[in-house]
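Taken in sequence, the protein lines are chains P and C. The C-terminal position of the first sequence is numbered 449 in our numbering, with every residue numbered one higher than the one before it. The C-terminal position of the second sequence is numbered 1257 in our numbering, with every residue numbered one higher than the one before it.
FYI, nobody ran anything at the bench for these hints, they're computed from the structure. Please note: incorrect hints may appear among the correct ones.
[As the list claims (entries may be wrong)] Using 25 Å as the maximum straight-line C-alpha spacing, the simulated DMTMM-like pairs for lysine to aspartate or glutamate come out as follows:
1. C/K1171 / P/E320
2. P/K437 / C/D1117
3. P/K437 / C/D1142
4. P/K437 / C/E1027
5. C/K1106 / P/E79
6. P/K245 / C/D1086
7. P/K437 / C/E1129
8. P/K437 / C/D1146
9. P/K437 / C/E1124
10. C/K1106 / P/D318
11. P/K442 / C/D1146
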Amino acid sequence: MSSSPTNVAAQGNILKRLVAPVPLFGFLLGFLVCVLLETVAGRSLADLLGLPKMPVLFGLVTIFKVIAGVVNMVLKGAEFQAATLIQIPTALIYFGLIYLLPLAITIRLTAGVSNRIAGGLQRISLLFSAVVHLGLLYAVFHLWGEMSDYRLITLKLMLIAVLFTLSLNIINGYMGEFSCSHPGFMAVGAYMSSVFTVGLFVDDKVLGAAKMTWSMAYLSFPLALLFGGLMAALAALIVAIPSFKTRGDYLAIISLAFLFIVKSFFENMQGLGGARGIAGQPDWATLPVIFIVVVIGIWVINNFVTSTLGKALNAVRDDEGAAEAMSVNTRRTKMVAFMFGAFWAGMAGGLLAHVIRYVNPSSFGIQKLAEVLAMVYFGGLNSVVGSIVGAVSISLLGEALRPLEIFKWIVIPLLLILVMIYRPTGLIAFREFNIRKILQPKTLDDGEV
Amino acid sequence: MSLLEVSRMTHFFGGLRAVHDFNLALEPGQIRGLIGPNGAGKTTIFNLITGVYRPSEGDVRFDGQPLLGVAPHQIAARGIGRTFQDLRLWRHMTVLEHIKMARYSKLDYGLWGAFLDTARRRREEATSESRAMELLKLLNVDHLADQLVVNLPYGVQRRVEMARALAVEPKVLFLDEPTVGMTPEELAQIMEIIRDIHNQLGLAIFLIEHRLKFVMELCEQIQCLVFGEVIAEGNPDEIQNNPQVIEAYLGKDTVET
């Protein structure tokens, strides 16, 4: 079965030759073709291939479901229907026909055109180009999410995870403190924004009758999110102050303690629903709302970490004494980092509360911490792209591996260990997020890489 | 009035008296040296003046203003730049980022500017960058602006650190053993550079050094510190011929001839 090294290299070259001349615009166009195709022909193709329904996550879930069936048969002697084995190749065929092939064909055929378009857009202005790309990306998300509720919620949670991961990267990556309190900030944001929306606009057993009418609800969701974020930032002060005195392990322990304090605070606050929490949030966190908030979040965070004020975090991390001696106000820097990170965690929490439409303290425990830490360290420290990659891959992987049940928690940590061994700072660490470079057209003749 | 005045400064670490009754009057544009054996308290004096430690007793004034109790970053912003004996560069940052970082106190755009990428921020960052490039040019490292400092040879790192100290736009530059670990060739270069920046920027320099030859060539005035106390003060000739200094460096001559 082993293919010779030259063969592999040749395959790599084919892939490179296919992908290298394609700008981001071309890929987005390709994805758009794929999701359009799936919208039109997905169901009939699934029927034709004998799949029970349209594969949700590129066929991954279908494949792992079958594997889980085999595993259960081996370990527990559970009954296994051998006929489902056929779903592995059919799911792969589905993936090939709907995604792989159309994507490859589109990016190949449109490479020239999309390069010219990308160049033209960039000549108009970088902002315009970014807006067009984001519009295209949103269209892909929208069409893909529209095909099932499961896809939609996976997509929403994935986007929220991106914002949450990035907000933790500010503290753990850019400033290099190991903070464990982040789910606590998310909880504060989730609760406070819920108090705002449920308390004001919904009749609720815990928070009482609606105090305002629905007509006033217009545009109040951004305010609710902001309120949640600001409260989380305020809570961050409690962690920021000891961070002036302690660093490293001690701060990690203090922040972990803070996480437990927040959790038991909400468990015992009967005014906020106690252990049962608050439910019945209005369904305001729609895909476009989340998309816009996350894009703004990434933009603001990226602005901050590329400014000298934000790079001061790196200086504090690498040598605090030297930073202070070079006129950097390290105390302010640390405080800003904690509050800024917590603010975006709170915003993410507010979105989360309005996606799953309930909050309770148990969703913000150690498990959440482990998840977000995995995303940060897997994707890469000190890198916006890294956080995006980490959050997307871990949340998609988590969903795809869900049929494996308990084994999911063996596969994902195993992957993390491998990443930590081969790339100790994560997949894409210490890289600046250069929007111009990402959007720019690719020329065919710089192939001497 | 002197630019930097230290009077009767004493400092204890617990029960240990690290510095005793230290006095200094540094004039604008002067180059002064502080010599002494290992552990004499030279770096402690730097740390006391720059606010890392607060002196147990005594007074420090800079430009007529008291420095006691002022945070180190404010002292730096007022015009005291320093380098470190053990090269404390930021390992994940490029050369240019180092220099721009030291101009932190010169930036006015505030947090909103940082968050929202305002026109003002772009303007200030651009000014900061061109100033930084001038400094790098002065120290002959401008071609390495985009390199990570960890990838550079030791002598270059030294120059980057000096450029960084100059970027706070100091009136006094503190150099803590600028020649430590250098080859004779690099030594000659660094001497040239220190003379250059002294002439071009007209700043006062206060340096700690082990290599007597280096101090003797550069400095107008020298203090010799032993066990936290100044045992001799004067111009290079006086110091060179002072029996106490010779004793501190070479030990007492007990050989009968």
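These are the hints, each one checked on the structure:
no.: 1; hint: C/K1171 / P/E320; in the structure: holds (23 Å)
no.: 2; hint: P/K437 / C/D1117; in the structure: holds (18 Å)
no.: 3; hint: P/K437 / C/D1142; in the structure: holds (24 Å)
no.: 4; hint: P/K437 / C/E1027; in the structure: violated (51 Å)
no.: 5; hint: C/K1106 / P/E79; in the structure: violated (72 Å)
no.: 6; hint: P/K245 / C/D1086; in the structure: holds (24 Å)
no.: 7; hint: P/K437 / C/E1129; in the structure: holds (21 Å)
no.: 8; hint: P/K437 / C/D1146; in the structure: holds (17 Å)
no.: 9; hint: P/K437 / C/E1124; in the structure: holds (23 Å)
no.: 10; hint: C/K1106 / P/D318; in the structure: holds (22 Å)
no.: 11; hint: P/K442 / C/D1146; in the structure: holds (23 Å)
The structure does not agree with the numbered hints 4, 5 stated previously, though it agrees with the rest.
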